[in-house]
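So you can see what is in the structure, the chains are spelled out below.
2 protein chains.
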Amino acid sequence: MSEHTRQLTAFLADLAYEDVPEAVLARTEDLFLDWLGSALASQGSHPIPLFERYAQKMGPASGPANILVNGSRSSAYFAALVNGASSHLVEQDDLHNSSVLHPATVVFPAVLAAAQDRGKSGRALLLAALAGYEAGIRVGEFMGRSHYRIFHTTATVGTLAAAVAVGKLLEFDQEQFVNLLGNAGTQAAGLWEFLRDAADSKQLHTAKAAADGLLAAYLTEDGLTGARNILEGEQGIAAGMSSDADPSKLSDRLGSRWALVETSFKFHASCRHTHPAADALLQLMQREGLSHEQIEQVTTRVHQSAIDVLGRVVVPQTVHQAKFSMGTVLGLIAVHGKAQLTEFHTLALTDPNVSAFREKVSMQLDPEVDGAYPARWLGRVEVTTTDGRRLAAAIDEPKGDPGNTLSRPELEDKFRRLLAFAGARSPEQADELIALVWRLRELDDLGVLA
Amino acid sequence: MSEHTRQLTAFLADLAYEDVPEAVLARTEDLFLDWLGSALASQGSHPIPLFERYAQKMGPASGPANILVNGSRSSAYFAALVNGASSHLVEQDDLHNSSVLHPATVVFPAVLAAAQDRGKSGRALLLAALAGYEAGIRVGEFMGRSHYRIFHTTATVGTLAAAVAVGKLLEFDQEQFVNLLGNAGTQAAGLWEFLRDAADSKQLHTAKAAADGLLAAYLTEDGLTGARNILEGEQGIAAGMSSDADPSKLSDRLGSRWALVETSFKFHASCRHTHPAADALLQLMQREGLSHEQIEQVTTRVHQSAIDVLGRVVVPQTVHQAKFSMGTVLGLIAVHGKAQLTEFHTLALTDPNVSAFREKVSMQLDPEVDGAYPARWLGRVEVTTTDGRRLAAAIDEPKGDPGNTLSRPELEDKFRRLLAFAGARSPEQADELIALVWRLRELDDLGVLA
Chain V
1 MSEHTRQLTA FLADLAYEDV PEAVLARTED LFLDWLGSAL ASQGSHPIPL FERYAQKMGP
61 ASGPANILVN GSRSSAYFAA LVNGASSHLV EQDDLHNSSV LHPATVVFPA VLAAAQDRGK
121 SGRALLLAAL AGYEAGIRVG EFMGRSHYRI FHTTATVGTL AAAVAVGKLL EFDQEQFVNL
181 LGNAGTQAAG LWEFLRDAAD SKQLHTAKAA ADGLLAAYLT EDGLTGARNI LEGEQGIAAG
241 MSSDADPSKL SDRLGSRWAL VETSFKFHAS CRHTHPAADA LLQLMQREGL SHEQIEQVTT
301 RVHQSAIDVL GRVVVPQTVH QAKFSMGTVL GLIAVHGKAQ LTEFHTLALT DPNVSAFREK
361 VSMQLDPEVD GAYPARWLGR VEVTTTDGRR LAAAIDEPKG DPGNTLSRPE LEDKFRRLLA
421 FAGARSPEQA DELIALVWRL RELDDLGVLA
Chain F
1 MSEHTRQLTA FLADLAYEDV PEAVLARTED LFLDWLGSAL ASQGSHPIPL FERYAQKMGP
61 ASGPANILVN GSRSSAYFAA LVNGASSHLV EQDDLHNSSV LHPATVVFPA VLAAAQDRGK
121 SGRALLLAAL AGYEAGIRVG EFMGRSHYRI FHTTATVGTL AAAVAVGKLL EFDQEQFVNL
181 LGNAGTQAAG LWEFLRDAAD SKQLHTAKAA ADGLLAAYLT EDGLTGARNI LEGEQGIAAG
241 MSSDADPSKL SDRLGSRWAL VETSFKFHAS CRHTHPAADA LLQLMQREGL SHEQIEQVTT
301 RVHQSAIDVL GRVVVPQTVH QAKFSMGTVL GLIAVHGKAQ LTEFHTLALT DPNVSAFREK
361 VSMQLDPEVD GAYPARWLGR VEVTTTDGRR LAAAIDEPKG DPGNTLSRPE LEDKFRRLLA
421 FAGARSPEQA DELIALVWRL RELDDLGVLA
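Heads up: the protein sequence lines correspond to chains V and F, in order. Under UniProt numbering, think of the first position of the first sequence as 1, with each following residue one higher. Under UniProt numbering, think of the first position of the second sequence as 1, with each following residue one higher.
Hint data in this document are derived by calculation from the structure and do not stem from the laboratory. Don't take each hint at face value.
You can't tell identical chains apart in this list, so a pair holds if it fits in one copy or across any two.
Claimed, not checked - Below, simulated SDA-like cross-link-like pairs (lysine to any residue); rule was C-alpha separation at most 20 Å, straight line:
| no. | residue 1 | residue 2 |
| --- | --- | --- |
| 1 | 338 | 424 |
| 2 | 57 | 311 |
| 3 | 57 | 221 |
| 4 | 57 | 72 |
| 5 | 57 | 73 |
| 6 | 57 | 447 |
| 7 | 57 | 170 |
| 8 | 57 | 118 |
| 9 | 338 | 289 |
| 10 | 360 | 390 |
| 11 | 360 | 292 |
| 12 | 57 | 223 |
| 13 | 399 | 413 |
| 14 | 57 | 222 |
| 15 | 360 | 283 |
| 16 | 360 | 146 |
None of the values given here were measured: they were computed from a predicted structure.
Please model the complete structure; the sequences and the hints are all you need to start from.
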């Protein structure tokens with residue numbers, strides 16, 4: 001195996017709870033709560049019931065692991081599958097910028113299911129999730145922008161992130177991590193093609209990444225060997241699915257850089273690529289005291305991936321597509337001041353003011369923004385007013401980014417809103433879950449997290 | 001969607017049992033028997049028990065579908081998974097040349113499991129398997145040689161082949177097939193990197209292709225939408241994993257060309273890339289009356305993929321690696337006259353004559369052979385004898401290829417040998433299974449195939 005893979009797997013094997021700074025543990029709890037809210041918020045929404053029915057058809061009638069959206073129990077595999085589908089649906093789960101990976105939606109479904117299956121503690125879960133984040137983010141950075149142009153990194157690299165988390169939970173040594181990366185990497189799959197049809201693949205992707213990662217870890221534990229150089233080998237994932245892979249990313253500051261804390265929380269309920277422009281527009285409108293009627297035209301100056309991912313959607317036909325429509329997101333911001341789940345579900349497709357505003361919005365590639373991406377997601381908008389003024393605004397760190405993060409009260413508020421939106425739990429149950437998560441590292445039995 | 005995808009999905013939806021020529025149906029039965037023997041022959045061999053245990057851990061305690069190697073029953077998903085792992089292990093399953101796809105090991109596990117689950121007849125299974133072969137082979141040809149250089153086509157394209165077979169069994173219309181291709185294609189995964197480590201990924205690949213294809217079909221039936229242009233789209237499988245894709249292959253002579261009958265049976269128990277040279281060497285030694293001691297040197301003139309796949313193995317450490325060692329295969333042929341399972345397991349790693357012969361063998365890229373590949377797998381060997389003669393032999397169609405196929409008695413003999421090798425079934429049981437397969441199109445209940 002290569003030196004970078006050797007360093008990464010040694011780090012994963014050696015990582016101990018005692019070595020993790022308190023702030024990193026606390027942020028892992030934050031991310032867990034944020035994830036749990038996203039998973040529960042999808043209750044009843046298409047296509048989640050399809051995954052629930054599939055688990056009923058193919059899985060055992062009961063088991064050690066919770067399927068969150070319906071409170072049923074199954075084997076760890078199906079809990080990972082359904083919870084993985086659930087937690088990415090409302091587009092409110094976290095994102096790591098420079099890897100363009102959504103770690104929570106693949107790491108937590110797998111590691112919670114495995115922890116419930118194997119009777120592991122909250123501390124073990126936190127440490128394992130951290131390992132999944134640290135590995136997944138570095139592999140995502142390693143795979144580069146060329147990968148993300150065609151592949152849904154959260155699906156492909158997500159399989160490895162989920163696998164590493166479960167492997168850490170199962171206390172793998174370095175040799176097992178080497179095989180695990182091989183077994184997970186060779187299952188890495190997921191293409192962006194579905195976006196232009198507003199198809200359901202995103203849920204399939206995260207479901208499969210979580211479940212396949214768990215499968216890789218269980219089979220590796222039982223002795224299945226994998227390619228020893230799946231990341232950097234001549235017929236490995238970078239050789240097959242990247243043209244700008246950078247192996248040094250794999251071992252970047254292991255043990256001193258905690259990539260998990262660089263992960264952003266989502267504030268708006270839309271594709272993260274819309275957030276910098278949304279925040280910049282909001283700032284500009286507040287600064288200038290503008291209403292949406294006073295705006296003639298908006299040019300968002302964006303990075304190339306924003307155009308690749310969002311450029312497909314001209315007139316959104318579904319709520320999901322609306323979340324990938326820059327014009328719709330900015331329309332909600334301009335007309336209603338926010339673009340949360342409620343706005344998407346009640347206004348995004350039906351409010352004529354929003355559609356009218358959508359037509360005023362265009363995207364333009366900006367070399368500075370593109371150069372900073374994906375390490376930094378800069379927001380730049382240029383506005384022409386109806387009275388002929390040309391205004392501009394810039395934000396360097398969108399709301400939810402590490403330097404502009406959500407506090408625990410803000411996270412609790414978001415959690416309650418997510419659960420209320422879906423009618424998933426009562427306000428009292430929401431508060432109980434919040435309290436449980438803030439005590440995660442004291443819990444010996446994770447079966448209570450249902 | 002593109003015109004080729006439209007034609008392919010229309011063909012799949014319209015394909016009717018009555019339209020299939022008798023010879024094609026009969027060959028489908030031949031391929032089914034050949035597959036069943038390969039699956040049963042893996043009983044007890046690593047890593048198959050790992051998949052059996054995984055199915056026990058994660059699946060239901062019983063179910064409608066048979067896990068062949070242990071006679072247990074589970075849900076269709078786990079039967080497809082374990083049987084998919086099983087049937088590629090002994091490297092005796094079929095191969096379609098120009099697509100470099102092993103269709104049986106992905107199509108039959110999925111379609112048999114689904115047929116048992118849904119109470120479908122033998123006729124329905126044959127038609128569905130045929131659809132899987134026709135689609136899978138064309139998608140494999142479409143993806144081209146650049147894909148196979150890094151990706152294990154039987155894993156990637158195999159997911160689509162398995163999905164189409166199950167979709168046909170579930171009587172999908174064209175619209176469902178469009179979504180099915182999207183749902184299967186976005187799960188397509190599998191890298192060759194494992195080969196150089198002799199890792200267990202091949203079993204993981206075929207297991208997952210069969211099971212993921214089945215999952216795609218069941219979810220599509222229930223309403224999961226997929227990308228409508230996964231094959232040819234700008235962010236589809238060819239865009240991501242091929243540089244020489246040829247869309248016209250997707251609709252190549254649909255309804256008049258039956259690609260299934262082009263599929264080759266394996267005669268030697270090794271990687272198919274070794275077979276042309278093995279047959280050519282055997283012919284040369286018989287023609288010249290040579291023994292292995294009289295041979296000083298063998299140059300096999302091969303296509304590039306043979307070098308890519310076989311070139312990693314210098315001194316094989318495992319039986320599986322020996323099957324990917326051109327020198328070992330030719331050594332068994334030269335010293336023992338055959339390279340069947342028994343020779344691999346008793347002689348390939350231990351017979352000093354075989355290892356000595358291995359050292360005499362080299363591979364050399366041959367423009368003519370490479371140009372004909374993958375449509376034709378030409379065998380060319382040049383031999384230098386110890387007394388200084390330079391001899392050559394050429395075969396244009398290795399044993400088992402469509403123009404040099406195995407007869408039913410030869411297939412029955414192979415089936416009995418495979419079962420006897422593994423001790424999987426008694427000779428009487430083997431004969432009963434053979435009789436059942438030859439009556440497949442009369443069977444209403446496929447639960448008897450256990």
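Of all the hints given earlier, name the ones this structure violates by number, lowest first. 1, 2, 16
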